[in-house]
Amino acid sequence: MEKTKVIVGLGSCGIAAGASKTYSQIASILAQGEMQFELARTSCIGMCYKEPLVEIQDAKGKIIYGDMTAEAVEAVLRAHILEGKIDTEKAVHAEKLATKEDGFFKGQVKIALRNCGYMDPESIEEALEHDAYKAIQHLINTKTESTDVIQTILDSGLRGRGGGGFPTGLKWKFAYQNESNQKYIICNADEGDPGAFMDRSLLEGDPHAVLEGMMIGGYTIGASQGVIYCRAEYPLAIKRLNIAIDQAKEKGLLGENLFGSDFSFDIYVKEGAGAFVCGEETALIASIEGQRGMPRKRPPFPAVSGLWGKPTNINNVETWANVPWIINHGAKAYAAYGTEKSKGTKVFALTGKIKHGGLVEVPMGVTINDIIFKLGGGIQDDKKFKAVQLGGPSGGCIPAELGNTIVDYDSVNATGAIMGSGGMVVMDESTCMIDLAKFFLNFTQEESCGKCTFCRVGTKRMLEMLERITEGKGEEGDLEKLEALAYQIKNNSLCGLGQTAPNPVLTTLKYFRHEYEAHIYDKKCPAKVCKPLLTYSIDPDKCTGCTVCAKKCPVNAIAGSRKTLHTIDQKICIQCGECFTVCKFEAVLVD
Amino acid sequence: MRITRIANEQAGLTNETVDLSVMEPLLEQYKSKSGSLIPLLQGTQALFGFIPAEAFQKLSDATKIATADIYGVATFYAQFRLSPVGKTIIKVCHGTACHVQNANAITDAIKDYLKVKDGETTEDGEFTLESVACLGCCSLAPVMMIGDNTHGKLNGKSAVRIIKDLKNQLCSSEADGQLK
Ligand SMILES: Cc1cc2nc3c(=O)[nH]c(=O)nc-3n(C[C@H](O)[C@H](O)[C@H](O)COP(=O)(O)O)c2cc1C
Ligand code: FES
Numbered sequence: 129m130e131k132t133k134v135i136v137g138l139g140s141c142g143i144a145a146g147a148s149k150t151y152s153q154i155a156s157i158l159a160q161g162e163m164q165f166e167l168a169r170t171s172c173i174g175m176c177y178k179e180p181l182v183e184i185q186d187a188k189g190k191i192i193y194g195d196m197t198a199e200a201v202e203a204v205l206r207a208h209i210l211e212g213k214i215d216t217e218k219a220v221h222a223e224k225l226a227t228k229e230d231g232f233f234k235g236q237v238k239i240a241l242r243n244c245g246y247m248d249p250e251s252i253e254e255a256l257e258h259d260a261y262k263a264i265q266h267l268i269n270t271k272t273e274s275t276d277v278i279q280t281i282l283d284s285g286l287r288g289r290g291g292g293g294f295p296t297g298l299k300w301k302f303a304y305q306n307e308s309n310q311k312y313i314i315c316n317a318d319e320g321d322p323g324a325f326m327d328r329s330l331l332e333g334d335p336h337a338v339l340e341g342m343m344i345g346g347y348t349i350g351a352s353q354g355v356i357y358c359r360a361e362y363p364l365a366i367k368r369l370n371i372a373i374d375q376a377k378e379k380g381l382l383g384e385n386l387f388g389s390d391f392s393f394d395i396y397v398k399e400g401a402g403a404f405v406c407g408e409e410t411a412l413i414a415s416i417e418g419q420r421g422m423p424r425k426r427p428p429f430p431a432v433s434g435l436w437g438k439p440t441n442i443n444n445v446e447t448w449a450n451v452p453w454i455i456n457h458g459a460k461a462y463a464a465y466g467t468e469k470s471k472g473t474k475v476f477a478l479t480g481k482i483k484h485g486g487l488v489e490v491p492m493g494v495t496i497n498d499i500i501f502k503l504g505g506g507i508q509d510d511k512k513f514k515a516v517q518l519g520g521p522s523g524g525c526i527p528a529e530l531g532n533t534i535v536d537y538d539s540v541n542a543t544g545a546i547m548g549s550g551g552m553v554v555m556d557e558s559t560c561m562i563d564l565a566k567f568f569l570n571f572t573q574e575e576s577c578g579k580c581t582f583c584r585v586g587t588k589r590m591l592e593m594l595e596r597i598t599e600g601k602g603e604e605g606d607l608e609k610l611e612a613l614a615y616q617i618k619n620n621s622l623c624g625l626g627q628t629a630p631n632p633v634l635t636t637l638k639y640f641r642h643e644y645e646a647h648i649y650d651k652k653c654p655a656k657v658c659k660p661l662l663t664y665s666i667d668p669d670k671c672t673g674c675t676v677c678a679k680k681c682p683v684n685a686i687a688g689s690r691k692t693l694h695t696i697d698q699k700i701c702i703q704c705g706e707c708f709t710v711c712k713f714e715a716v717l718v719d
Numbered sequence: 302m303r304i305t306r307i308a309n310e311q312a313g314l315t316n317e318t319v320d321l322s323v324m325e326p327l328l329e330q331y332k333s334k335s336g337s338l339i340p341l342l343q344g345t346q347a348l349f350g351f352i353p354a355e356a357f358q359k360l361s362d363a364t365k366i367a368t369a370d371i372y373g374v375a376t377f378y379a380q381f382r383l384s385p386v387g388k389t390i391i392k393v394c395h396g397t398a399c400h401v402q403n404a405n406a407i408t409d410a411i412k413d414y415l416k417v418k419d420g421e422t423t424e425d426g427e428f429t430l431e432s433v434a435c436l437g438c439c440s441l442a443p444v445m446m447i448g449d450n451t452h453g454k455l456n457g458k459s460a461v462r463i464i465k466d467l468k469n470q471l472c473s474s475e476a477d478g479q480l481k
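Just so you know, the sequences run in chain order A and B.
Position in the first sequence counted from 1, then plus 128, gives you our numbering.
Position in the second sequence counted from 1, then plus 301, gives you our numbering.
Be aware that a few hints might be false.
[Stated by the list, open to error] Per the computed footprint, the stretches of chain B lying under chain A, defined by three or more beta-carbons under 8 Å from a beta-carbon of chain A, are:
1. 339-346
2. 376-383
3. 400-411
4. 416-430
No lab work stands behind these hints: they were computed from the structure.
A virtual CB, placed ideally from N, CA and C, is assigned to each residue, including glycine.
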């Protein structure tokens, strides 16, 4: 009989949910000797909402259990290994068995994430069993011409996954055509969109796929040096990348004269230092060169003059991870997925008020509703779906009414949002859209490098207007001013940061104008988020006179003694909401 | 605007004099490589917990980069600190996913408990409270990171409890140390 294998998912998210403790717990169970199995690790399979995850492989096939905290794991292991019983309550995914969570996987097509959660990311042997470095080896052994590789990538229809959606093959062609004694390949792993973590998971789960993609890029355009620019907030990704690079070098898969050819390629990891704008390609290059990460004018594009003034090809993590698959399976297989102008699959990070938060990879062309309700299981606490934010601070809100929009570059752009890197933040009725727009603008305003006046000062003025509106000081004419300024910023900024910074405001103005109007004219926040616009009062039917709220009130606005009805003096109340939070009887009303 | 950072951070003046000689191995490793100003600053910060004012001159002498340029880079990136920080740094995520799940409540609760403002250090020099944008664990939002440990699915109360536990641990381990 095949040996039983127990695998713990150790991605950053799993570890945050307690997977390291689970791992130690299983290790000590193993040491007791009662159960025999092999203990291994893998990375994130995308089911973040069920972390920590533990997979057991044996004659019954593969079964993944969810919510495997250190306390819960022993019982499941005992039942499974010693008694041969499967805890169907805890099983979330199984090869030969239906589970309650199958909806999460149905409809997913894993290309970029093909190995994430299916192998040990720190073992090159396992990666090799999963076809790592097969594509580059094939290209070198068959002496494939660069132009043929470029044609394959063009035919596959692959477009940049970093947000812009530029055809990858075309980008490679430009970098290939520029003659130079030295060229560079860069992997953009800056993942600045707060609320997105696809690139982190990919780097943590399958670093070799990214390395191989970069090698193929280098082989094609004639570069011998690759740089991965990874944000410092991702320590585990950086660690696993460095392990993967060392292992590949040791095996002779990275370095000089690869596979007996004259092609040499080296890769190193450069840690970012915390600046959103460094995700922009020219700023990223400046940052690698050790300068302030300020974008510069294009042209010249990096394909002509990039890192150290040499032709440079820069792609996103997910773009690179798709490349080896395309070479191995052919352009046609890739282009079989997706829509006419957006081919293949896209990874989305589902977060916010969604039941099944995590990572999903779907073919382009599925609808937003399908992603949210079929894969994502719907909205938390069965509240009402209000909107979804795509593309982070550069993107926009798509309202629930447009839930049938399909995800591809053009359809999403048509709504005023952008595809972006794949962050999908789901919001329910308790999210105030003005507060959200303010949140994003605050972010871009702080992250603006300060080079362009409109981006530097304009975003600040817009933010001040939004702040006034959420404080109940909005005036007639504010919305028109906001809009006018938004377009001025869009039209007068050098880089994508400024050009897209007003998008969250513009889309919320387009789809949720009534909410802005409620703030300005009625001085009300319909989602009950903007504190200065709320009035707190006490429900006479529910108040038990427990005095807790009166004691907690920081400004003594609540009067009432034990067992008598309490009242709030609106003139003193500062709308801090403390009484609402502490009341156990739901007697504090908010309007 | 990133430039506002300059005003927010007082230059790293401490009462104690810092021993800059610990920087030698770092300078040896990087000084002749082009484009290594950021790793040098990161290394310096790793040594001291922040970048002391005196270190700028030393970096400039070693790399021949003007102190103004080094200061320009150091103030551009959010990672670099020009004033000392507490022993333990509490990073509360204010990324989109965490914001939507009410990360403000966590920062507020911690502020209340530690009696500091965002970005400040407690009087005993033990904790520094910071806001960051996205720790990459968005599905566990709201999230905070203390040292290398990430804690997810928090609310104000549970966040404060984690810090309380940590404080108790620190106290008891200090007491242990004194006994020995
Ligand atoms: C403000 C700004 C931030 C960006 N951040 C990122 C990022 O975090 N990751 C990324 O891959 N691309 C980012 N981009 C896009 C890059 O400039 C570039 O288009 C991309 O890395 C190209 O790779 P691709 O063609 O594979 O998408 C950003 C662009 C702008 C304007
Ligand atoms: S938004 Fe908080 S971890 Fe991503």
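Hint check results:
no., hint, result
1, 339-346, "holds (count 4)"
2, 376-383, "holds (count 5)"
3, 400-411, "holds (count 3)"
4, 416-430, "violated (count 0)"
Comparing the model with each earlier hint shows a violation of hint 4 alone; every other hint is respected.
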